[in-house]
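If you're matching them up, the sequences are chains A and B in order.
Heads up: the first sequence begins at 408 in this note's numbering, then just goes up one per residue.
Heads up: the second sequence begins at 20 in this note's numbering, then just goes up one per residue.
Simulated from the structure, these hints should not be mistaken for laboratory data.
Among the clues, some could well be false.
[As the list claims (entries may be wrong)] Heads up, simulated DSBU-like pairs for lysine-lysine below, C-alpha to C-alpha not over 35 Å straight-line: (1) A/K434 x B/K372; (2) A/K419 x B/K365; (3) B/K239 x B/K277; (4) A/K419 x B/K372; (5) A/K1282 x A/K1135; (6) A/K1135 x A/K1160; (7) B/K338 x A/K504; (8) B/K418 x A/K419; (9) B/K365 x A/K410; (10) A/K410 x B/K372; (11) A/K410 x A/K434; (12) A/K419 x A/K434; (13) B/K142 x A/K434; (14) A/K519 x B/K338; (15) B/K365 x A/K434; (16) B/K418 x A/K410; (17) A/K1243 x A/K1282; (18) B/K418 x B/K365.
Listed below are the residues making up each chain.
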Amino acid sequence: MSKSPWVILGVKASSDRDTIRRAYARKLRVTNPEDDPEGFMALRQAYETALGRARRAQIPADDVARPAPPAPNPIAPEPAVVDPERAAAIAAQAAEKADFERARRALLAALKRAQPLPDAELQTLLTALLALPMLDQITARVSFESWLADTIARHLPRSDALIEPAMAEFGWDDNSRSRGGYSAMEAILNRTREWQYVNAARQPATPLHLGWLALTTPRRANWRMRLAVLSPGVEWQVRALLAAADTNLPGIRDWFNADAEAWWRDFASRPRLRLSMLLPLAGILAFLLFDLMTGEPHLLMPVRVLLLVVGLAIPWLILRYVLRPQMAFAANGWRWPMWQRLGWASALALLPALALLLPDHPLSIIAIALLALVAVAWVTITNPLPDTEPSLPRFGAFIGLAWPFGLFGLRMLDKMSFGHAAGWLVMTAALLLILSRGREALAALARHLLPRFTAAALGGIAAVGSLAAAVIGPGLPNPAMVHMVMTVVSPALVLLRIAGDLTPMGRMKLWLIIPWVLVISAMAGSFGSNPDTRRSDPYGPPPIMTAPIDPSAIAPTITAPALIATGHGVQPAGSPEFAKAAQPIRPPDGWVNVDDYHGGLSRPGIYFVDVRLRVSGTGIVMGCDVLRSGGPANIGPRTCEAVAERATFIPATDVSGTAMPSPYLASFVWVVPKGYAPPASTMASPGQPRPRSGIDDWVQFKDYPPGAFETRGDYVIGYTLQLDARGKVDRCSVTASSGDKAVDDRTCAVISKRATFDPPRDAAGQAVPSRYAGKLVWRITRKAAPARPAAFLGRQICPRDTRAADRPGTAQPARGCNGPVIGSGDYPELARAAGKQGATGIEFTIGTDGIVTQCNVTRSSGSGALDDASCRLVKQRTRFLPALDAAGQPITETKETNVQWELD
Amino acid sequence: MILGIDLGTTNSAAAIWRDGAAVLVPNRLGDVLTPSAVSVDDGGAVLVGLAARERQASHPAATVTAFKRYMGTQRQTRLGGNSFSPEDLSALVLRSLKDDAEAFLGAAVTEAVITVPAYFNDKQRKATRRAGELAGLKIERLINEPTAAALAYGIHNLAAESRFLVFDLGGGTFDVSVLEIFDGIIEVRSSTGDNRLGGEDFNEVLVAMLRQKFGTEWGKATRDSDALYQKLREAAERGRRQLSANAEARLGLVWRDKSHEMTVTAEEFETAATGLITRLREPVLRALRDSDLRPESLSEIILIGGATRMPLVRKAVTKMFGRFPNASVNPDEAVALGAAVQAGLKARDAALKEVVLTDVCPYSLGVDVTNRLPGGGFEYSVFSPIIERNTAVPVSRAKIYATLDDNQRRITMGIYQGEARLVAENVRIGSLEVAMPRAPAGQAVEIRFSYDINGLLEVDLHVLASGERQQLVITDPDDTIDPAELERRRLALAALKVHPRDSEANRAAMARAERCWQDFLGDQRDYVGQLIGQFQAALETQDLRIADRARDQLVAALDELEGPGYL
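The whole structure should be built from the sequences, with the hints applied where relevant.
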C-alpha cells in the first residue's frame, strides 16, 4: 500500500518545491476531492510527504526563503505620493522600530552580562519591551517571538525569569498552538515543566521533599549519609528524582548538589538493606530480650541461638533472594506464569493444617515461621510492584511491625501452647500477605476459581462460616482450635472480599465486614474471659534475689541428685512495716524432694529455681511465682506447685501483732551429678498426680457464683480431690471453706469437671488412683456494687427429685445444688419496671455431662420476661453431677423446680 | 441551478453562477441583502427580512434576529403563539431567499450551497443542513465562509501565484483564513477564528456606553427590559454606522416617551473597544502559524464582513500588518458570491473546469483518553486529537489506543472538537464504545476518523487482537431527528401564513414609519403620524402605482428624518 510519493505524484524524486507543487496541481485536476476522496487523500499524503522530504533535503529551505512576492501596497515604498498622513505614519513607524531595537539589544546585553542581573530587573526589561507599540505589528511580533524563544532557550538557566512573562504574552503553553517541533520553544516548555517539578518538590508537604533535600544539600560525612538513608521514604524519593532527571527533566540537575547526587547514584545503583528489612530482626531480638528479662524462658538455648541466626539472616536473605531477582525481573519486563504468581495462596491454605499437625514443640514455631517467610518472599518476587510505587517501603515496614507484635502478643498470652503460637504466626503471615501484596494476585485467583459463584452464595457462605466460627469458637475444647478456625476464616474472608470487587457485588462488602468484626471480637472475647487473679498484687513486684546460694557451697562430690534450699521472708512493697517476717513451719528443704522431679532431671547439671511465695495472713501459700529457673522447661512450675502445696507458715505480723500477707523468697538448687540415671519405673512410691493443665484452666472468672461475696477480699478454699486411675476427678471435698457454701460447692463442681491429671504410677508402671490437695483463692478486687433496693431471689436451684424414683434403672439421681445461680442483677429490667413478681415453674433436662440441655416453662409467673429469664439463666448457669444408672454410667434426667422472682 | 447562499448573522444574501460569473440575486425589495430577521405580525403572518427587522424595536416580543448564534442548540423562541427553533428560523430566511431566487430566475431552485462560519462544529453544521432541508432545498455543500469569500476574490486572480489572508469580521463571527493560489489550485492553508466575536460585540460596546450614561435614570429596566435592549441595539447599530463615516455619532433613542441622546466620538469608541481589537490578533497569528507562511509572504489582506467597514478595525489591521488591506471586494456580498462560485464548481461549470479548491478542517477532532503518568497515577479526560486542525479535507487519520486494565471489557470514549488539552473545554460531539476481548492490559484498538468535504465525521474501529472491525455513526442524543419528524416540521413551516410578496415593500416601509413614530417626540412624531396617514390612504386606493409613489415619498421623508435606512 505504501507507494512511493514520487510515484503517486508522477515526478522523479526531487527536492524542488515548485516541481512537487506543480505535479500536485496537475494530479489534483484529475483527482478532485469532490469526486474521489480516497484518491485525493492518497495524493495529499504523497504531496505532504514529498514536501517534508524536500524540506529536510535542503536544510535552510523554507518556503519563505524564496523571494516573497512584492507586497502590492506596503506603506513604505510609495514616496511618490506625498501624503502628509502617510509620511507621518512612516516616520512614526521608523521611530517605533528604533525604540524596539534599542530595547531588544538591552535585553540581550543583560542576558549576556558576566554579572547576572537580578530576576526582577530582567523582567522589567522584558515587560518594557513587550509594551512597545512595534509589537502590534504581526510581522514584527512573529519574528520577535521566535527571536525571544531562541534567546531564552540559549541562555537557560539565566533566562528563567523571562519565561513566565514571555509565556503569558505569547501563550506558549497554550496546547492549541501547533509548535511544529520548534526546538527552542520545546526547550522552554520543558524548562517550565522542570520549574514546576522543582517548585513542587520544594514544598515541605510534597511527597518528594525529603529526597529533594537529600539531593540538593551538600554531601555530608559518609556515615551521616547512611544514617539519612534510614529515614523512611528518602531512598524511594531520591530514586524518583534521579529517574526524572535522567529521562524527561534533565534540567533539574542544575539544582542538585553534585557530590550528593554522585553519592546517591552510587547508593541507588545496588539494592540495599532498608530499615524496614531490619525491623523483623528487631522483632525477634525484642522477643528474645523479653524472654530473658521475664526470667521464665520459654525457649531452649539452642532454639534461641537459632532464632537469632534466622533473625540476622532474614534481611540478608531478603536482599539476596528477593530484591535482586525482583530487580532483574522488573528490568527485563518478565512476567511470571500464572501458577507461580498464585500458587502461594493454595500453599497458604495448607499452612494452618500443617500447624495443627506439627507436634507441640518450640521447633514448630521456627518451621512455621520459616515457611511463612518463604511465602512472603515468594509473593514479593512474583508480584513486583512498580519501582516508583511508594507502597514498597510501607510493605516492608508492615512486615517489620507485624512480626514483633505477633510475637509479643504470643508472649503476653503466656499460657498459650506452642500450637497456638504456630497458629498465630500463620495467621499473621497470611494476613500480611493478603493485605499487602497479594491483593491483585488474589483477585486474579478469585477470577479463576469463582467465576460462576453468585454474589449471594458467596456472601452467605462467608457470613455463615464466620458466624459459626464466632459462635462455636469459644465452646471448642481446645482453645487453639479457635485460632486455627480464625486462620482459615480470615484469608477466606479477605479472598471473598476481593472477589466482591470483581463481580457485581458491591453490597457484599458490607456483608463481609460485619462477620469479620464479629470474629475479631469473638477472638478478643476468648482471651478476655480468662480469670485474672493476679491483676492486683499486694505482694508487690518480684524483688531481686538478695540471698543467692553460693555455688561453691555445692559439694562436687555429690553422686546422687541433691537439693539445697534456702528462703527468707521479705517486706512487701508499699505496706506497713512488719514486725516479724513469715516463718516457715517446716524448713524449705522439706517442701520439695528429689522424687518430685525424677522425670525432668535425667540430664546432669546444676539447676536453679528461685520462687516467690505469696503467704497470706493465715499462713497459707496463696501463690507461687517462678522468678528464675534454669534447666528443663517445667522445673520452675513443678517446684512452685510442690512448694505451694507443702509449705505452711507462721504469718508475718505488723507492729500491732496483727497477721498480714507477705512474700517469701525461696531458692532451690538441684544438683544432678554426671552419670546419674533416673531410677525410671523403679519408683517405690506411686508419687503425686500431676495436673495436666494449670489451675487457671480449671476455674475461670465466669464460674464465680453471682450473689456470693461481693466485698473486696481473698476467699480461700482448700479442697481435696479423689482421683481415679485415669486421672479424672472422682470426688471433690472441701477441706477449708471460704465461708460461703455456695462458693465452695461451685468451686468443687468446676474443678471436678475440668481438672485432669497425669496419674501416678506404681512400681509396675500401672496408673493408680490417688489424692490431690489444693487451694484456690477467689479474690474480689472490685468494689462491690451498691446494694440494690430491688429483688434478691431464687437463691438456689435445688431441684426436687420428682422423677428419679419413677425411672427404672436410676440408681443415683443427678446431684448438685447449684446456687445461687440467679442474682438480683438478673432481674429483667422490663419486669422490674413493671413491678412483676411471681414464681416460674420450670422443667429441665440434665444431660450426661451435667449440663442442662433443655428447659421448658411449666407454669408461668405471669410475666414473659421472668419466664424467659428463668430458663435462660438455669441453662446458662447450672451444672450438675449427672445421674447415674445402675451400672454407674451417666444418664439424662429431667427435673423440675420453681424460680421465685420477688421484688423487695 | 444551484443557489449559493450566505446565511449570515445579521444579513443573508443569495447568488448564482451564471455565464461564467457570480451574480447576486436581488430580493423582492430590490436589495441584495436580506436581513436575517423573522417577525410575526398581529395577524399571525410571518415576515422575513427588512420588514421584520424594522419591527424589532417596536415589537421586540414578536421579532427575532441574530438567531444564527444559537444554531445547533435547542433554544426555542416564541413568536406570536408559535415556537421556533434556530433551525426553523433559518429555514424561514432560506425559504425567503429561495422564493426571491425563483422569482429572479423564473425557474424552480431546489439545490443550494450554504456557507457556515469556519468554526461551526458538527452539530451546528448539521443544524444548518437541516434548516436547508426544512426550506425545501437540497444542500449540495456546506462551505466555510472565509473560504467562500476567498473564492470570490481568488476566482478573479487565478493566473498569478499568490497567498493572501482573508480577514472576515461578520456580524457574529470572526474568521481568518490563509489561502494560496497556484496553477489554478485554490488551497486553503489554514482557517481559524473566534466564533464569539463580531459586529454585534461592537454594538454591545456602544450599548454599554449608553447604559453607563443613562443607567441610573432607567433603573431596573436597564437590566431586565428586552424592549429597551432592542432599542439600545438599534441605536448602537445606527451610531456605529455613523462612526464609519464621521468622526462622531449621535446615539439617540426614546424610552418611555423621553428622548435620550449622547454623542460618541470615534476615539471614545476606539478606547472602549480596545479589548475587542486585541482579540482580533490571536486568530490571525494562529492562522499564520498553522499555514506555515510568514506574514511577509502574504500578497494581500482581504477584508470581508460588514464589521470591517469600521475604521477602527481597518486601522487595527493596517497596524497589524504594516500595510493597507485590500477592500476591493464588497464585504457584504463576497461570501454569497463565493458560495455561487462553489455552486459553479459543484455544477462543473465550463468556466471553472481548471479550478480546484481544497479546504481544511478548521478544528482538531479527537477523543478523550486517560494517561498513565510516570509516577503511576492517572490523568483523566485528556484530549487526544486524531485529526489535527487545518488538515486538508477530505482526510482520514487513525490512532491506536490501548486498554488500561486487565480484562477491560470495553473502551468508552467521547468524541470532541476543539483545541484545549482537557476535553472539558472542548465541544463534545458524540461518543463511541468498543467491546474488547478479555485479555491483559494494553490491548490495542485503532480508531480512524474520516472527515469528509462537507465537514461530517465517520469513525471506524479496528480491534487489533480480534481483528474485529466496526463502523460507527456518531449520534448525538440531542441530535437525533428522524426523517418523518423532519418532514412534519417542514410541512408545519410551509403552512405558516406568509405575507404576500407584493406588499412586502409597503409592509417594510410601514414598519419603519411605525418605529420612527415611536422613536420621535413632539412635532416630529406628529409629522410621522401624518406621513403614516397619507401612506395608509394611498394603500387603500388599491392602486399599485399610487401606493408605490406614496411609499417612495414616505421613505424619502423618513430618510430625511433619521438618515438613510440600512441593511
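Going down the list of hints, with the structure as the test:
1. A/K434 x B/K372: holds (14 Å)
2. A/K419 x B/K365: holds (33 Å)
3. B/K239 x B/K277: At roughly 16 Å apart (the allowed maximum being 35 Å), B/K277 and B/K239 satisfy the hint.
4. A/K419 x B/K372: holds (27 Å)
5. A/K1282 x A/K1135: Cα-Cα ~25 Å, so holds.
6. A/K1135 x A/K1160: Between A/K1135 and A/K1160 the Cα gap is close to 9 Å, so the pair holds against 35 Å.
7. B/K338 x A/K504: Roughly 13 Å between the alpha carbons, so the hint for B/K338 and A/K504 holds.
8. B/K418 x A/K419: holds (31 Å)
9. B/K365 x A/K410: Satisfied, since the Cα-Cα distance of roughly 30 Å is no more than 35 Å.
10. A/K410 x B/K372: holds (29 Å)
11. A/K410 x A/K434: holds (16 Å)
12. A/K419 x A/K434: holds (14 Å)
13. B/K142 x A/K434: holds (34 Å)
14. A/K519 x B/K338: Within the cut-off at roughly 32 Å; holds.
15. B/K365 x A/K434: holds (19 Å)
16. B/K418 x A/K410: holds (21 Å)
17. A/K1243 x A/K1282: Since the Cα atoms of A/K1243 and A/K1282 sit roughly 22 Å apart, the hinted pair holds (cutoff 35 Å).
18. B/K418 x B/K365: holds (32 Å)
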